[in-house]
Structures are given as C-alpha cells and as structure tokens.
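Novice: Sequence:
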Amino acid sequence: MLSRHFIIDCSGLTFVDCMGVSTLKEVYSEMRSRGILVYFAAAKGRLSIATKMNILPKFRYAAAVRELFESSGFYSFVAKENFYPTMRDAVAIARTRQQA
Numbered sequence: 001m002l003s004r005h006f007i008i009d010c011s012g013l014t015f016v017d018c019m020g021v022s023t024l025k026e027v028y029s030e031m032r033s034r035g036i037l038v039y040f041a042a043a044k045g046r047l048s049i050a051t052k053m054n055i056l057p058k059f060r061y062a063a064a065v066r067e068l069f070e071s072s073g074f075y076s077f078v079a080k081e082n083f084y085p086t087m088r089d090a091v092a093i094a095r096t097r098q099q100a
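For the sequence shown, position 5 (counting from the first letter as 1) is numbered 5 according to the UniProt record's numbering, and the numbering increases by one without interruption.
Simulated from the structure, these hints should not be mistaken for laboratory data. Please note: incorrect hints may appear among the correct ones.
In silico DSSO-like links for lysine-lysine, alpha-carbon gap of 30 Å or less [claimed, not checked]:
{"#": "1", "residue 1": "Lys25", "residue 2": "Lys44"}
{"#": "2", "residue 1": "Lys80", "residue 2": "Lys44"}
{"#": "3", "residue 1": "Lys80", "residue 2": "Lys25"}
Kindly generate the complete structure, drawing on both the sequences and the hints.
Specialist: Structure follows, in structure tokens:
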C-alpha cells in the first residue's frame, strides 16, 4: 500500500500567531489521523528573512516563523524531523518514503 504525503509550504509565512499555530496543529492532527505523513518546508528563520529583505542589523530583535514555532511549543507537538529547508528537500524525502 502506498503511503500518502502532505507538504505544507511555509515559504510565504513571515509571522505565525497562536491561532496560526493552533490551526497548523489541527491540520497536522487531522492528516496524521488519516495516515497521511505531513512535512513542513521552507519555514523561515530570522537570518533568512533579514537577508532577503536586506535589513539584517535592525531585524535582530524580531522573531521569525521557526523561532515562533520554538517559543510556542509547536516543536513538542510536531517533531523537528518533519521540517525541511526547501520544498525540493521535502518532496525528495516524500518520494523516497513513497518508494520504500
């Protein structure tokens, strides 16, 4: 039987509040309850956003998505092993697991 995979592209997220984290937890739980493997791709950290926006010096006090996941306890709900730096990486892992 083939396993199913669901990749959440986080590249467009620059901020996640507690409602956003709650929604992502619900989506993750629903998918897992259906036997679907869930991956998160391209969640930005403070450095990656600041570099893209060319605002590195004044951005050091702001939190980005990965830091918000960390501070909200999201990583205790969804293991960090489910996070990949790019969509390409997440798709490659999903394909590898699909063929296993």
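Novice: So which hints don't hold here, by number, going up?
Specialist: Violated hints: none at all, because every hint is consistent with the structure.
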